[in-house]
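Here is what each chain is made of, one letter per residue.
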Amino acid sequence: MIHVLLITFIITLFYMAIANRLMTYIKVLALQGVILFFVVFIQLNEINTLNLVLILLETIVFKSLAVPIFLGYLLKRNNITREAEPFLPNFVSLVITTFIVVITILISNTIKDTHLDKIFFVVALSTLFFGLYLIATRRKIITHVMGYMVIENGVFVLSLAVGNEMPMLVNLGILLDIFASVLILGIFLNKIGDVFKDVDVDQLSNLKDY
Amino acid sequence: MIGVYLLGALAIAVILFFSRNKLFVYSLAGLFLVLQSLFTTYACMHYGNNELVYFKFDSLGIILLVTMSIIAIPAFIHSYIYIENHKENPQTRAIYLTSMVLLIMAISAGYLSNHIAVTWIFTEITTLSASALIYHHRNKLALEGTWKYVFICAISITFIFIGILFLSLSLQHAGSDDLSFSNLLARRAELNPVWLRMAFLFIFTGFTAKLGLVPMFTAGIDAKDKAPAPAGALFATVLMNLGFVGIFRFYIVVANTPLLHWAQLVVGSAAFLSLFVSTVYMLKVKNIKRMFAYSGIEHMGIVMLGVAAGGIGYYAAVLHIILHAFVKSSLFFQFNQLYRVFQDKSIYHIGNYFKYNTTGAMVLLLGFISATAMPPSGMFVSEFLIFKSLFDAGQIILLIAVLLLLTMIIWAFGKNIFKVLFVPAVGFDDSNVEKISPWESLSQFVLLATAVYLGLNPPAIFVQMLKESVSLLPL
Numbered sequence: 001m002i003h004v005l006l007i008t009f010i011i012t013l014f015y016m017a018i019a020n021r022l023m024t025y026i027k028v029l030a031l032q033g034v035i036l037f038f039v040v041f042i043q044l045n046e047i048n049t050l051n052l053v054l055i056l057l058e059t060i061v062f063k064s065l066a067v068p069i070f071l072g073y074l075l076k077r078n079n080i081t082r083e084a085e086p087f088l089p090n091f092v093s094l095v096i097t098t099f100i101v102v103i104t105i106l107i108s109n110t111i112k113d114t115h116l117d118k119i120f121f122v123v124a125l126s127t128l129f130f131g132l133y134l135i136a137t138r139r140k141i142i143t144h145v146m147g148y149m150v151i152e153n154g155v156f157v158l159s160l161a162v163g164n165e166m167p168m169l170v171n172l173g174i175l176l177d178i179f180a181s182v183l184i185l186g187i188f189l190n191k192i193g194d195v196f197k198d199v200d201v202d203q204l205s206n207l208k209d210y
Numbered sequence: 001m002i003g004v005y006l007l008g009a010l011a012i013a014v015i016l017f018f019s020r021n022k023l024f025v026y027s028l029a030g031l032f033l034v035l036q037s038l039f040t041t042y043a044c045m046h047y048g049n050n051e052l053v054y055f056k057f058d059s060l061g062i063i064l065l066v067t068m069s070i071i072a073i074p075a076f077i078h079s080y081i082y083i084e085n086h087k088e089n090p091q092t093r094a095i096y097l098t099s100m101v102l103l104i105m106a107i108s109a110g111y112l113s114n115h116i117a118v119t120w121i122f123t124e125i126t127t128l129s130a131s132a133l134i135y136h137h138r139n140k141l142a143l144e145g146t147w148k149y150v151f152i153c154a155i156s157i158t159f160i161f162i163g164i165l166f167l168s169l170s171l172q173h174a175g176s177d178d179l180s181f182s183n184l185l186a187r188r189a190e191l192n193p194v195w196l197r198m199a200f201l202f203i204f205t206g207f208t209a210k211l212g213l214v215p216m217f218t219a220g221i222d223a224k225d226k227a228p229a230p231a232g233a234l235f236a237t238v239l240m241n242l243g244f245v246g247i248f249r250f251y252i253v254v255a256n257t258p259l260l261h262w263a264q265l266v267v268g269s270a271a272f273l274s275l276f277v278s279t280v281y282m283l284k285v286k287n288i289k290r291m292f293a294y295s296g297i298e299h300m301g302i303v304m305l306g307v308a309a310g311g312i313g314y315y316a317a318v319l320h321i322i323l324h325a326f327v328k329s330s331l332f333f334q335f336n337q338l339y340r341v342f343q344d345k346s347i348y349h350i351g352n353y354f355k356y357n358t359t360g361a362m363v364l365l366l367g368f369i370s371a372t373a374m375p376p377s378g379m380f381v382s383e384f385l386i387f388k389s390l391f392d393a394g395q396i397i398l399l400i401a402v403l404l405l406l407t408m409i410i411w412a413f414g415k416n417i418f419k420v421l422f423v424p425a426v427g428f429d430d431s432n433v434e435k436i437s438p439w440e441s442l443s444q445f446v447l448l449a450t451a452v453y454l455g456l457n458p459p460a461i462f463v464q465m466l467k468e469s470v471s472l473l474p475l
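If you read the sequences in order, they're chains U and C. 1 is the number of the first residue of the first sequence in our numbering; add one for each residue after it. 1 is the number of the first residue of the second sequence in our numbering; add one for each residue after it.
Incorrect hints may appear among the rest.
Derived lysine-lysine pairs resembling DSS-like cross-links, with alpha carbons at most 30 Å apart [as the list claims (entries may be wrong)]:
1. C:355 with C:435
2. U:208 with C:148
3. C:419 with U:208
4. U:76 with C:140
Read the hints as simulated data drawn from the structure, not as lab findings. From a predicted model like this one, the values you see are computed outputs, not experimental measurements.
Assemble the whole structure, with the sequences as input and the hints as a guide.
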């Protein structure tokens, strides 16, 4: 069951690679939050109530409700056009994403470790690299933020892979996630929308040395 | 005591945030300085003690803490001058001072923490308070700088977290889950090398955002440029030292495993690339504040080269980072006066500084001599020792390349500084130039003199502490 969920998670990455509209990205992010909740629910044995509440808050409330709603609100308020405007065609994105997944599978095959569930490792690492790829190839600042959210999801999966024996680390990861996202989203994307209209990375290139 | 300190600083920050009365705000800032000095004294008196499980007053932490407490005093004095000159409104002033207090508190706690996750948490807090300082001016450029800083720091902090996860995997092979540095060191033989390698790569990359090394140095430059100069002085010195602490404490663990040579290669190549990048930008840069920031990148490159070379290099690296903190902060404090005279940062629009502010120009000249490590600068000693360690390690070609790059940096730095000091700026109207009181430069002279004193004639206790802080490393 858990493997089905994780594979669904990988499929969402492929879907994200070829999605055209920003709303689709937001919906995929929400879906990823739900998937993560079920993964945690099945994965973490001997979970106490407090931890469960915290993880419920993080995955369902934060990842699949608060962040998507806020991103949608930002889209509307700043009149951001609905296209994602990638630098590369979608087909190339799809090929590169496939490459990322294949390479992480190859990497994880070289590692022999009983403490680590391999499929978690593959999902986490490919999500991480896919997030970086998303940041590098999309034009709008809001897609950078979405890429960062994808990275955060990857880190969350990784912390689950490790966290079965160290729940403290899962909680730390949640702390990081909420802290950084609130900092990025709440304070600055809001402000950037006020100052720069239709936010492109091209507009953020005034600080330079030549 | 550290609990009292953290709670006290937090309380001061919260009250500062809500108070608008001028006298009250400044006395609170003064109170924080008293608290900081008391805490530093307490830490020195209780050398070697553990507190609150996660903190330890060890030698590296204490010397950096003392350095910071010294720099914090002029930082607040210059912040006062800055705020009063800009006639900031009470709200901006409150936010500025709150962020300064939080930043200094987080850095202090980060220095002393004995647990990698705790260091990481306090590094996160510095990102938060630093971003409020960078956004101080509330304009487009400040927003751009803040956005870049926050985004890159968020990614680096995530990287550090991934590193910690890998480290915990590595530690599970040793049958333990205590991530404190002392436990890691004690179980170094049982750590799984594959995961340790991954952990080192990620943690190193993550902390370079604070330390200012390749690959994550970019955001720090914009931050130092856009933040008010007194805050920029803290970013360019003590905050970089926090990045150094994070890397160095973990490096001590890795250096005691068979991965030593690999880690030296990683750190050494990042350090050399940083030197190279800073040379390229120093030759190009036209904004004097950014030039100071790039000079910081250069010095961090030299420091990490010392760490990678080993031997006497460890000692010299810690010495260098402390002396650099004194010198660079005085240059950043001086920048504010320079800006008040010329109202510009570009090399093209400033010049003949000696005519308008002789004392300040002296600071700039002495600061230039110190920062380029010419004798009698204290940094000459540490840089010389680092070169010696490179020579001892047999890295002659690397040493020659480094010296060539440094020559170019000194040339570029000197060209710009002498232009600022002696060559009149074209079309500059000096009819209503602000008169700067010489007393404002006093603190900068003191900082520069401290650097010379510590470099040329270090007190025995200081040398002792430096030696202890690197004593865990293999020779």
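For the pair we were handed, residue 76 (chain U) and residue 140 (chain C), check the Cα-Cα distance against 30 Å. holds (22 Å)
Do the alpha carbons of residue 355 (chain C) and residue 435 (chain C) lie within 30 Å of each other, as the hint requires? Since the Cα atoms of residue 355 (chain C) and residue 435 (chain C) sit roughly 11 Å apart, the hinted pair holds (cutoff 30 Å).
What's the verdict on residue 208 (chain U) and residue 148 (chain C), does the C-alpha distance respect the 30 Å limit or exceed it? holds (12 Å)
Restraint status (C-alpha distance of residue 419 (chain C) to residue 208 (chain U) at most 30 Å): With Cα atoms ~21 Å apart, residue 419 (chain C) and residue 208 (chain U) stay inside 30 Å; holds.
Every hint, counting from the list given before, is met by this structure.
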